[in-house]
Amino acid sequence: DGGITQSPKYLFRKEGQNVTLSCEQNLNHDAMYWYRQDPGQGLRLIYYSQIVNDFQKGDIAEGYSVSREKKESFPLTVTSAQKNPTAFYLCASRPGQGGHHEQYFGPGTRLTVT
Amino acid sequence: AQRVTQPEKLLSVFKGAPVELKCNYSYSGSPELFWYVQYSRQRLQLLLRHISRESIKGFTADLNKGETSFHLKKPFAQEEDSAMYYCAPRLDQGAQKLVFGQGTRLTINP
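Line by line, the protein sequences give chains P and F. Each residue of the first sequence is one higher than the last, beginning at 55 in the numbering used here. Each residue of the second sequence is one higher than the last, beginning at 153 in the numbering used here.
The shape of chain F in the complex, shown without the other chains (with noise of 0.2 Å):
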C-alpha cells in the first residue's frame, strides 16, 4: 500500500512565483516528517523536518494531520531551487526508516 505519496512528478514554474510541492501520507498517528532535496551534481541532502517548524531557504512544511499532508511552500521561487525533492515520513513509533516518496522534479523558469 502507498504509505506517502507525492502526485506530481514534475513541476515548473517561472522565477519569483509562488511553488507549493504535494506530499500526502496514509497513517493514522503523528509521523515524524521530512523534506529531502537532490541538487544536481550534489548528494541528496535533508532540508527541513516539521518538528524544527524552521524556514530554511525560504521553504516551509506544515504538518497537516486532518488533511495528512505535509506540503513544502515557498512564497516566491528561484533559480537556484531547481532540485529534485522528496517528501520522507517516519511513519510508525517504532520504525527505525523513513519512507520515500517518488520525488518530485522542481524546475523554475528564468
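Chain P on its own, in the form it takes in the complex (with noise of 0.2 Å):
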C-alpha cells in the first residue's frame, strides 16, 4: 500500500459544513481524479485535473469544488449545497504520460453527514 492516501477514513458532518476531503500521491502522477462510490451506480467522477492549476468538471461536479495548487494534492471540497453528500469518496491518479490510461487508487473516505 501507499503511494495514494487519503483521510480520515471516516469522516461525519452536520447538515450545511462544508467538509475538505484529502488526497495525496506521492507517485509523481500528473493527473488525478475523485470520484464517488455509491451502491448500485458503481463509481461516477466528479473533478479531474490532468496537471498543476487545472482541473475539469466531471460527470457530477455539482456542490463539489476542487483545487490542484500541488502536483502531489488534490484536495474535494463537499459543499452545502452538494444535496446527497453521504458516500463513499475514491481519490485515483495516473502518470498522463506513454499513454497510460490505468489509474490507482487510494483508499476512499467514507463521508456522513446527518
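It is worth saying that the hints were derived from the structure and are not from the lab. Built from N, CA and C at the ideal position, the CB exists for glycine as well. Heads up, a few of these hints could be off.
[To be verified] If you want the footprint, here are the derived chain F segments under chain P, 3+ residues with CB under 8 Å:
| no. | stretch |
| --- | --- |
| 1 | 170-179 |
| 2 | 205-218 |
[What the hints assert, rightly or not] Computed spacing ranges between beta-carbons, pair by pair:
| no. | chain 1 | residue 1 | chain 2 | residue 2 | range |
| --- | --- | --- | --- | --- | --- |
| 3 | F | G210 | P | T133 | 42 to 48 Å |
| 4 | F | L162 | P | Y64 | 23 to 29 Å |
| 5 | F | S180 | P | I105 | 27 to 33 Å |
| 6 | P | E116 | F | E219 | 32 to 38 Å |
Please assemble the complex out of the two chains, which come individually in their own frames, going by the hints.
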C-alpha cells in the first residue's frame, strides 16, 4: 500500500457544513481524479485534473469544488450545496505520460452527513 | 446516455464453475478497456487491460468490436474471486478519463 493516501477514513459532518477530503500521492503522477461510489451506481466522476493549476468538471460536479495547487495534492470540498453528500469518495491518479490510462486508487473516505 | 453497461448487479456461481461478467459499451471507435476489482476491505485495483492480452488470476477478457463487448471470463472460479468488478473503458480517443460501469458483485459459493 501507499502511493495514494486519503484521509480521514471516516468523516462525519452536520448538514450545512462544508467539508474537505484529502488526497495525496507520491507517485509523481500528473493526473488525479475524484469519484463517488454509491451502491448500484458504480463510480461517478466528480472532478479531474491533468496538470497543476488546472481541473475539469466530471459528470456530477455540482456541489463540489477542488483545487490543484501542488502536483501531489488534490483536495475535494463537499459544499453545503451538495444535496446528497453521504457517500464513499475515491481518489485516483495516473501517470499521464506515455499513453498510460490505467488509474491507481486510494483507500477511500466514507463521508456521513446528518 | 449509458455508455458502458454491466447488466448483472449480482452474480453467484459455485466454486469450480465457469464465470463470465458481462460488459457492453457504446462507442464506434477503438476503445481502451480495463477491468477493475475491489476485494473486501481492499482498495480498487486494476485487474487487467485489453491491450496487454494477458491473463491475470486466471481471468481473461476479449474485446469484441462487433458486439461492442468486453466480457471477463474465468474457466474455474475460486472462492477468493468473490469481489466487486468494474468494467472501465476509455471511450474517446482524446479522453483523459475512464467511464466506469455500475459494477457486478461476484460471489463464489463453496
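Okay, the hints, checked on the actual structure:
| no. | hint | result |
| --- | --- | --- |
| 1 | 170-179 | violated (count 0) |
| 2 | 205-218 | violated (count 0) |
| 3 | F/G210 x P/T133: 42 to 48 Å | holds (45 Å) |
| 4 | F/L162 x P/Y64: 23 to 29 Å | holds (26 Å) |
| 5 | F/S180 x P/I105: 27 to 33 Å | holds (30 Å) |
| 6 | P/E116 x F/E219: 32 to 38 Å | holds (35 Å) |
Checked against the numbered hints listed earlier, the structure breaks hints 1, 2; every other hint is satisfied.
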